[in-house]
Amino acid sequence: MADEVILLDFWPSPFGKRVMIALREKGVEFDTREEDLSNKSPLLLKMNPVRKQIPVLIHNGKPICESLVIVQYIDETWGPESPLLPSDPYERARARFWADYVDKKIYWAARSAWVLTGEAQEAANKEFIESLKVLEGELGDKAYFGGERFGYVDVLLIPFSTCFHALETLGNYSIVEECPKVAAWVKQCMQRESVAKSLPDQHKLDDHFVALKKEHQAQ
Amino acid sequence: MADEVILLDFWPSMFGMRCRIALAAKGVKYEYKDEDLRNKSELLLKMNPIHKKIPVLVHNGKPVCESLVILQYIDETWSDKCPLLPSDPYQRAQARFWVDYVDKKFYELGRKVWSTKGEEQETAKKEMIESLKLLEGELGDKPFFGGEKLGFLDVAIVPFSTWFYAYEMCGNFSLEAECPKFMAWTKRCMEIESVSKSLVDPHKVYGFVLQLKKAFGIE
Numbered sequence: 001m002a003d004e005v006i007l008l009d010f011w012p013s014p015f016g017k018r019v020m021i022a023l024r025e026k027g028v029e030f031d032t033r034e035e036d037l038s039n040k041s042p043l044l045l046k047m048n049p050v051r052k053q054i055p056v057l058i059h060n061g062k063p064i065c066e067s068l069v070i071v072q073y074i075d076e077t078w079g080p081e082s083p084l085l086p087s088d089p090y091e092r093a094r095a096r097f098w099a100d101y102v103d104k105k106i107y108w109a110a111r112s113a114w115v116l117t118g119e120a121q122e123a124a125n126k127e128f129i130e131s132l133k134v135l136e137g138e139l140g141d142k143a144y145f146g147g148e149r150f151g152y153v154d155v156l157l158i159p160f161s162t163c164f165h166a167l168e169t170l171g172n173y174s175i176v177e178e179c180p181k182v183a184a185w186v187k188q189c190m191q192r193e194s195v196a197k198s199l200p201d202q203h204k205l206d207d208h209f210v211a212l213k214k215e216h217q218a219q
Numbered sequence: 001m002a003d004e005v006i007l008l009d010f011w012p013s014m015f016g017m018r019c020r021i022a023l024a025a026k027g028v029k030y031e032y033k034d035e036d037l038r039n040k041s042e043l044l045l046k047m048n049p050i051h052k053k054i055p056v057l058v059h060n061g062k063p064v065c066e067s068l069v070i071l072q073y074i075d076e077t078w079s080d081k082c083p084l085l086p087s088d089p090y091q092r093a094q095a096r097f098w099v100d101y102v103d104k105k106f107y108e109l110g111r112k113v114w115s116t117k118g119e120e121q122e123t124a125k126k127e128m129i130e131s132l133k134l135l136e137g138e139l140g141d142k143p144f145f146g147g148e149k150l151g152f153l154d155v156a157i158v159p160f161s162t163w164f165y166a167y168e169m170c171g172n173f174s175l176e177a178e179c180p181k182f183m184a185w186t187k188r189c190m191e192i193e194s195v196s197k198s199l200v201d202p203h204k205v206y207g208f209v210l211q212l213k214k215a216f217g218i219e
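Just so you know, the protein sequences line up as chains S and R, in that order.
Under the working numbering, the first sequence has 124 at position 124, and the numbering climbs by one with no breaks.
Under the working numbering, the second sequence has 207 at position 207, and the numbering climbs by one with no breaks.
In case anyone wonders, no lab produced these hints; they're calculated from the structure.
The structure presented is a predicted model; accordingly, all values stated were derived computationally and were not measured.
Not one of these hints is a red herring.
Mimicking SDA-like on lysine to any residue, the simulated pairs with C-alpha atoms at most 25 Å apart in a straight line are:
#1 S:Lys104 <-> R:Ile50
#2 S:Lys46 <-> R:Lys142
#3 S:Lys104 <-> R:Lys53
#4 R:Lys104 <-> S:Gln53
#5 S:Lys52 <-> S:Phe160
#6 S:Lys142 <-> R:Val69
#7 R:Lys126 <-> R:His203
#8 S:Lys133 <-> R:Lys62
#9 R:Lys52 <-> S:Ala123
Which stretches of chain S does chain R cover? Using the computed rule of at least three CB atoms under 8 Å from a CB of chain R, they are:
#10 61-73
#11 92-101
All residues carry an ideal CB built from backbone N, CA and C; glycine is no exception.
Bound conformation, chain S alone:
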């Protein structure tokens, strides 16, 4: 019996894109349902009653929520010949540590830089660049965070690259200058079909961020 795989998503969400990339890396066929977050569907509320958030993966009617949990589920369910996490427990722990770092530091610094103003925004900008530099150090001269192969940390981080341009403009800095290795890694990832097909159009996203900023300022 064929698998039924549905992704509940919101097109600008980097968390939803993590799931898309992971599914495509594993060659899994799936349907996407776009959610209006100001008017959440009964399906979303039924499938994620606790957090009421996207992304949600529905596999043969059963929901999996939280992007890190979903990506690990995808890795454990499909394509054992192309694992996203390494097989060695210590290397897996390293990958999970950096995944946690991306969620705790990169996402929150980026978000704060976006919504705050004045001195607080400057501090958030600084924190974002410092966090990116830590990742630059971890990447080193490797092709990907996982080494030779595109893996777990790469899947989780690359969707945030769609926000880089907006953050650079806002903070008046250049990621290519501050973190050249990360910038090169972004270019390399974008050459992968799973990434190029999953990330939204940059111009559409930039317009979305501008509109969001205006909305925030109006409030």
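Position chain R relative to chain S; hints supplied.
Showing chain R alone in chain S's frame:
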């Protein structure tokens, strides 16, 4: 060659207690090192230069940081005894989802209950009870979140129970009255040796919280 396992920890830390339980459940011999968080050891700063936090598991000289990363590392490295995560990918996803929920919600709510007053404290108390009731729903009629035996979610949550007495005293409410099923689960966990020898005395935790309040000038 015998394994060298060191746990850098701080006695009242719920996150540290998770690691203690997992190591005990797996029968792993380890050296426990209690850190003075106002004067962090060179070893801690060397083993966790990014976050500079406990717990850190040092296994044959190599550090593993972040309590949930450590739990999964312990589970995968000492896999012959007492598996914590189930083998089915969907059930693993459910366990990971709820642990993520507990980490995102509970710690912050607990902090607000002991360190704030007035409306902020009342809101935190209400949300804490709601969270526990949600967890009671997830537990259902099972003896443990892991089913018949202690599992990943049980190990991750039970340390928070050592802080309940402190929350109740600071917040002037009874969690036992509101969430009897959850308290019954806590008592069942305490009957297991790996749990009872790893958790600290709730009265000592309350003493520690009172010291913190004094140090921070909180009434």
